Structure formats: structure tokens, C-alpha cells
Amino acid sequence: MLKYSIFLILFSISTFSFGQLLSEDYHKAISESRSNNIDQLINQVKSLESSLENRALIAELYFLKGRNDLAKDLLEQILNKESNSISKSSEIHARLLKNYGLLLWNAGKDDQALEYLRQSLKYYGQIEGIGKVNEADLFNNIGLVFSQTNDDEAIRNYEKALEIYETDVAKYLDKIIQISINISLVEVNQGNYVNALRLLNEALGKWNEAHQKGLPTEGFIKANIGAVYLNTDQFILAEDYFNEAKEIYQQNYGTRHSELANVFAQLSELKLKQQEYEESLSYIQRALKANSFKFEKLQFTSNPKADDVNNLDLQVVLLLRKASILENYYFGYSLKRDHLIFALDAIDLADELLVNMRASTNNKKDLLDLSALSAELYEDGQRISLQLDDVTLLGDKYIHKAFSYSEKSKSSMLYNAVIEAEAKSFARIPNELLEKEKSLTSQMAYLNNQISLESDQMELNYLRDRYFQVKSEFQKFINDLEKVYPDYFNLKHQNKEVEVTNIQEKLMLGEIIFEYSMAPKTNEIYLYTITKDDFSFNRIYFKDEIIKYIKAYRNTMVYNLPGSFKEISFSLFNYLFPKGIKGDINKLIIVPDGELSTIPFDALIQNEIKENDQAFYELDYLIQDYEINYAYSASLYNSQFNKEYVNESLLISPVEFGNEIPALPASEEEAEHFISWSEKQQIEVNALVKSSATEANFKKSDLESYRFIHLATHGTVNMESPDLSGVYFKQTENGGLSEDGILYVGEIYGLSINAELVVLSACETGLGKINRGEGVMGLGQAFAFSGADNLILSLWKVADNSTSFLMKSFYDNQLDVNKASFSSSLRKAKLDLINSDYSAPYYWAPFILWGK
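Residue numbers (full-length UniProt numbering): 1 to 852.
Read the hints as simulated data drawn from the structure, not as lab findings.
Remember, it's a predicted structure, so these values are computed and weren't measured experimentally.
Quick reminder that beta carbons are idealized off the backbone N, C-alpha and C, glycines included.
Each computed DSS-like pair below joins lysine-lysine, with the alpha-carbon atoms no more than 30 Å apart:
1) Lys273 / Lys543
2) Lys643 / Lys438
3) Lys587 / Lys397
4) Lys551 / Lys365
5) Lys543 / Lys365
6) Lys436 / Lys699
7) Lys690 / Lys680
8) Lys566 / Lys808
9) Lys483 / Lys438
10) Lys506 / Lys579
11) Lys797 / Lys566
12) Lys171 / Lys213
13) Lys364 / Lys88
14) Lys483 / Lys72
15) Lys680 / Lys699
16) Lys397 / Lys579
17) Lys122 / Lys436
18) Lys438 / Lys365
19) Lys72 / Lys46
20) Lys160 / Lys132
21) Lys587 / Lys769
22) Lys521 / Lys543
23) Lys364 / Lys496
24) Lys336 / Lys496
25) Lys521 / Lys551
26) Lys699 / Lys808
27) Lys436 / Lys700
28) Lys46 / Lys294
29) Lys297 / Lys397
30) Lys72 / Lys88
31) Lys808 / Lys852
32) Lys365 / Lys769
33) Lys365 / Lys122
34) Lys579 / Lys610
35) Lys436 / Lys81
36) Lys436 / Lys72
Computed beta-carbon distance windows for the label pairs:
37) Glu459 / Glu202: 38 to 46 Å
38) Glu352 / Asp702: 38 to 46 Å
39) Glu247 / Ile155: 26 to 34 Å
40) Asn192 / Glu459: 33 to 41 Å
Put together the whole structure using the sequences plus the hints.
Here it is in C-alpha cells:
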């Protein structure tokens, strides 16, 4: 189930038991908020002295009312402006951290929410005489954050909370019921609907025995019972429970609240399953209204404005759902073109909201979650646009629209980093501020990496504390920077449409872009083709079948299986180039997606095999006829504005590593060749070889001063935790924790590089975890993020000698650094290997160029 699913409602504990450290009036207001008019309570508190406690109370009441925007503004004002005056050992400090963590969780920023909740838990544990119940509340809320990503971790935290609550069942009955509800929702995640229904009905019975009818918690339980019935297609029962929940929410909250919006969304889904499209659209409009402040129109032709929204995360999902309903309505009944047009309107508004969400997020994991959501949004946008093109007689407006969505779905974080660099340059931000940002970014990258590696709980807690402090300082720094330099903010967060004509303007004659976009919902791959004077689109069907060929193609090269390779390579070429390649083309720019990022197009065979026993050097590979390079997106390929480089190079070549890591004897000759090439090009070279090739020496280098960086070393890939992929340096006995001889991806993100070319002459440096919306997350993208304009990477483990042969040939063909292209030099180097004893693709195909 998607993390962002509107059909799973979770219960956070935002009411607190604070003992004597907070006033009785505070407790009374929170208690009364369960049954009294919250607006009246807020007004009463506003009429009192504007103390820290009263403002914290108002923020919490706003949160309970569902006005997350007002709660967020007030909490941020307190935390940013008054944090230095609030005692870290006070209860109110722990409470503010907890409430802000819950707000972040409501906004879909799970990883950032965890940071605040863990800090709050730490401070509560240090307050004497307050009892353990607050810690139990935090265990529950941490469980909620994990509930959509890690069921085991969620249950583990719920059990910790229950252990504390059950020390006084009578006193904490409500909280025990709430935990039971949350555990039931983990059962829903796992498809255990019978268990979920049992737990929910038990919770409803216990709640009704202890409370008057019609409170929000009763509505919450009934909404989730309805969701279970909806998931099991028991529509009559589902609708009854949803309607009861709706009545309760309206009695308590009026017509505008995110929980009410959730119920309307559930009813909309129910009606869609019954193919009652008009009613489904009516309910989704009511959901959009409930999640806005002013929006009133219930006609599906209207949408709220982008700034008229309570819960951004929920609104994006509601708009996605609306687009889906309209698309289903079109295909299931109406065939009205307008329904597709209004579906695109919903997609475009959701896109605008996603840009706003990115603007307020700097946590990498949360940005990756946003990328996954945006990938679904942009897949829907492409599919609907292409359907509109099919039913539009004149023009290609909607193919261009589809391509724009495809571009937005690719490498969002990397693209935003490039835009941010341009924005800083344009806004003329002083160097001292840029240096401070680099310092904070580097500290965060280092601490985040150490957190990933640490196993000792005490040290882990210390690292998390330090990371939280630096992260808070960084967030405040960025907020201040964006206020002082509004041009920087506006350029950084612009949401421009990608224009094909802008890309064509920068293409040279003879160049062609093939941009692929995976569409798993329809089992297709979309292919956009761009040349200087042409733009076209093709559908490639049977995506799942093609992925099997992709895996087989890769395996035949990795394991050097000549018999299978030829047939599979030719078949895959026909799949991926359904219209072939035009005759006047000499350079292919491949923008891959998903699994296509794991293969070299260079070794695809473009003509049918003449004889089964053809030797490798006789085959008609794409590399025989074309320069081939790869790009994270067409926009990124053309985004390299005129940069100046310092004419120096940096070489890393440990040769022998120590700690039983295999030596790379051929890399010594490769290193000598690089030094010789640099000198011939009149490039000053800093050669860190053998004992000097340490991680410490690399980090001490002024990395912004190197035009060329060449690393001849070993690489390691962690497919599950990409930040723990890395490259090896000379191992030292006294390096310490900060210099363990491995430069991890998490650390690379914190570097600042200004290199025209980075060569990672190491195994599998082009691999990593595939994240929808970002591509392959690994060493390559980390170096690109840090400022490398072009990268040569490898896709599998290759022999030391053949790698050295290829690298020497590459530099030999790069005769003039100011004229020759990297793709041309790499092609010639590969052709040299094909015409040698290393003719099998196993040796030459893994090395690919990302960039120009």
C-alpha cells in the first residue's frame, strides 16, 4: 500500500500528560478540546497574556482543530526565534519538539518527523518526576511514522508504549484503545482484514463503554472499520460506517477538517468501485473542500487554489484520485474529451503543490519519498496526455505535455541541485555565506553517514543529537537566506514547463536523444525521440517482458556468455528502437529509466546475426557507428551553463589497499599514464598514489580546484542502503572513525566539486538502488550532485588489466582537452578493445559516460 494512501487513517496521540511542570489550565484546555468548541478555547487563551506556555497551547489547539498551517507557523516562530531562551531540560521544550514532529508527520515528512520525535523522547527521559506516559505517547507516535514503511518497527514501538500504559489500565484506557487501533492498521497493511476488524470492533466497544456517543475517536474507529469493509468489497457495510463517521466529524469539526476529507475520499473510492462516476466525483470535490479553507465549488470542473489547502500531502493524493476518477469515467462511460482535460488540470495542480512541498523539505529521505509520489503523478500525466493526443485532430500539444511530465519524473533531486547552483550564482550570494552552507552540508553528510554505520546505541544517540543540532542550524540558515535573497528563493523553486524547442536549440546536427519513461500501470515504456529538427513519440508494449530481456542481456555480458548474448542483444535492440535510427545520426544520447539504467546500450546489436559463430569483433554493435552517452534527463544534459574550471587534475591510485583487500597492480601503470597525459596537456596534477592515496588526503584536497579527477581503485555497492556504497582508499591503521578508508556516497553528497570530468575506474560504480523519480541512487549520482559535470562509471566487475587498457586508450584519444569530446574518446577506446584480445562486451561495455 502506498505511503501516501488516503485510505488508511492513523491515530496520533497529541494530548499530553505533563504533571506539575505545566499549569492546570493547560491540561484543562486540552481535556476540554475533546468535547467543547475548540475555536472558543483558542479565543479564550488568546485573550490571556502572550506567554510561551499560552502560545504553545494555542499551537496545539490549532493542531487538534486540524489547522496544521496555523499550528506550524506558530511552532516554527517559537522554535526559531525563542529556542535559545527555552531551557532544554524543561517540559515545554520536549513538548514543542513532539508537536512539531507530529506536524511534520502529517505533512508526509516522515524522516524529519522521526528526528524531532526522537529528540523529544530523549528530553522527556531526562525530566524527573514527570512519569513515563509521555515517553509512551512518543513510542506510539514513532510507531505511526514507521507504520507505512516498516511494520516490525511500528509494532515494536507500539509494544513499548503498551508496556507503560498497562501499568495503570484504568487511567490510560483511552491510550490503550488508541494503540489497539493503530495495531489494527498494521494488520490492514499486511492484508489481515479479519484480525484488523476484530481489533477495531473491540476498540469501538471499549470506547463507547467509557465515553459519550459522537466524539471524534468514535468517528475515527468507524471510518477505519469502513475502510476494512471497502478493501474486502463489502460496499453496503462500508458506506454505512463511512456515513456514521462523516456525521460525527461534521458535528465536531464542521465542514472543514482533514479527517472529514479522508472519509469523503473513502466514499469517493467506494462509488468508483461501483462505477458510479458522478457520485464518486461529487465526493472527491467534497473532500477537496474539506481539506481547504475557502473552496466551495462542488462541480468537478473546479479545483481549490494552490495556497488554499490545509494538508498538502493529502491534497496531492486527492487530486491524483480526482484525475483517476475522470480518466476512469472517460474510458468506462463518457468518452468525453473534456474529462481528460479536467484530469490534466488536477494533475497540474498536484504538480504545483509538490513543488511547494519540495520547497519546504531538505531531508533526503523525505525528498526520495516525494520523488516516488511524483513519479506516479507524472506517469498518470503522461498517460492522460497521450490519450488526449490520440483524440485531438490537429497539433502535437499533448505529446509535448507528456514529454514535460517525463522530464519532471527524472532525477528530481539532481535537477533541483543544478537549478539551485544557478540561482545562487544569479542572486549573487556572498562567498562567506556559500562557504557556511558548504560547511553545514558537509557536517550533515558526515554525521548521517556515521549514523548509518554505527551499531552502539549510546554512540548512535550522540550522533543523532549532533545531527539534529546541525540540521536545525542548517534549516534556519536556509530560511534566512531565502528571506534575504528573494531572487534566490524564486529561482530555486520555480516550476517551469520543459520546452522541447529549448532542448532542440542546444542539440547539434547528428545528435539524437532517446528518452525512455517506464509506465508500470499500463505495462508500457514511453519513448520520446528528439533531434535538432524533429520530435516524435512511440509506445513500447510489454514492459515486463522487456525487463526480462534487459536482465538476460546484462547477465550474458557479466558472465561472458557468447552464445546467448547475440540473440538477446539483437532482440532487445528491436524492442528499444522500434523505428530504428535515422541515417544522418552520429551521436546517441540515452535518457534511461528504471532497469534501463543498468545496461550499456553500446553493445546492442543493430543487424541480424549472419552466422552463429561470428566472433565478438565482427558483430554490428551500436558503438561501431555512434558515439553514445547517457543523461539523467534531457534538461540536465542541456543545463551545463558556461563554467570555468581550474586547469588541474587529481589522481587517486592506492594500488595496494591493505586489510586483505585485493591489490590492483595494473592500476599503477594506469596512474602513470594519467600523470603523463596531464603533463602533455599542461595540466598540473596532484597525484595521490600508493601510501598517499588516503581518504584523509583526498578530503584535504581543494576539490573545487580540479578539472579532472581520476580514481583508480575498488568500488563497493550497497543496493539496499545506497548511502553505504563507496570507493576504497589506502587503508591506514590510525585513520580513526572519520577516515575509515572508504569514501561513502553519504559523504560524497557533502563534497563540493567543480570538475569537468570524474572517472571512477572501479567496479560497479554505475550501479545502485533504483528509486522511481530519481533513477539509480549510487556513486554516480552522488558525484553529479556534488558538482561533477561528466562521469565515466562501470556497470559490473571487470578485470584489472582490461580496465587499465581502456583508460589509457581513453586518455590517448583525448588529444586536446579543449576540443575532443569525452564520448568520442570513450568510443575510440572501446573500439580499440573490440579489436584486441578484449573483444567480448564483458571487457569494454560496462564503462559508460554520463554527460557530454
